[in-house]
Amino acid sequence: MWRWLHPYAKPETVYHLLGRWLPWVAGTATLMLAAGMVWGLAFAPADYQQGDSYRIIFVHVPTAMLSMSLYVGLALSALIGRVWQLKMADWALSAIAPVGLTFTFISLVTGAIWGKPMWGTWWEWDARLTSQLILLFLYIGVLALYHAFSDNRSGAKAAGILAMVGVINIPIIRYSVEWWNTLHQGSTLTVFERPPMANSMLVPLLVSILGFSLLAASLIFQRMRNEILRQELRRPWVKQELAELATQQPAMKEQS
Amino acid sequence: MAFESWQAFIEMGGYGFYVWLAFGISFAAIAVLVINGFGARVKLQREFIKQQQRQQRLAQRKKEVS
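Chains as they are written, first to last, in full-length UniProt numbering: chain A, 1 to 256; chain B, 1 to 66.
FYI, nobody ran anything at the bench for these hints, they're computed from the structure.
Check before you lean on any hint, since a few could be wrong.
Calculated pairs, SDA-like style, for lysine to any residue (alpha carbon to alpha carbon, straight line, at most 25 Å) [what the hints assert, rightly or not]: (1) B:50 x A:152; (2) A:116 x B:25; (3) A:116 x B:62; (4) A:239 x B:40; (5) A:239 x B:46; (6) A:239 x B:25; (7) A:87 x B:45; (8) A:116 x B:10; (9) B:50 x A:15; (10) B:43 x A:31; (11) A:87 x B:11; (12) B:43 x A:236; (13) A:87 x B:41; (14) B:50 x A:147; (15) A:239 x B:48; (16) A:239 x B:47; (17) B:50 x A:244; (18) A:116 x B:28; (19) B:50 x A:217; (20) A:116 x B:11; (21) B:43 x A:13; (22) A:239 x B:28; (23) A:239 x B:11; (24) B:43 x A:217; (25) A:239 x B:10; (26) A:239 x B:62; (27) A:87 x B:39.
Note that this is a predicted model, so its numbers are computed, not measured.
Please construct the entire structure, taking both the sequences and the accompanying hints into account.
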């Protein structure tokens, strides 16, 4: 039944498959992001309470959402890596972590910048902000552990265990605005009800979310390809691939 | 358009500093990530070329000795 899946467990196949998808995903991401940013910054109406400062939402909400869903993806690949001993799941972990880390960083910084004019402070030790900061530390920890061992498998194992334990933080972030009294406003988007947001703001926000998701995907593809090459460096197909690339760039040959 | 002039667009109703700072930092962070990804690939290629040249030199020296 799952026979058709087997070729996809081969690093070489995955490398070429991701390479074929990468330009399309990255291209669509760029278009979507450009559209979402221009729409959000210039065409969406100002908020009746927050004026134009609310436009930060068009980076803040997509990156914050993705920082959490990327972490779930990270933990899932850690689980697959531990349970089925799949090397490529471990490599995916190392490809997802830097992207999630950057998105968490962006959500924290844009949140602080938005907080200054609206709340009068850059930072407050409230539930939402603190749990998101812990997410940043979890990402840093996973990345550090992954690269801390000279034996790559031990690193992946340690990083994977931290990644799985850290999942407990995700529902805490998600529900922090409901469980505790916090400065942070409630969820902008709701799955089962119509979000309490005008369409003129909601549509550019959804476009931005789609754009950032595709951007995350293309960054992960890029990093996954790099990690496959790095791990399989001794294999003939990698040597061939790198040799081809070297002949395509003769300037680099002279440099080294 | 939500703004009447370029000036108004830059000013963002008085929140210009915050809005542009937030967007600027986000853009910079993503740029770093993208450049870092390409850099890793270039580094792999360089290492590979160096390794190959070393092997070639070794092979040549072996020939000269024998």
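Hint check, failures only: 3, 6, 10, 11, 19, 22, 23 and 25
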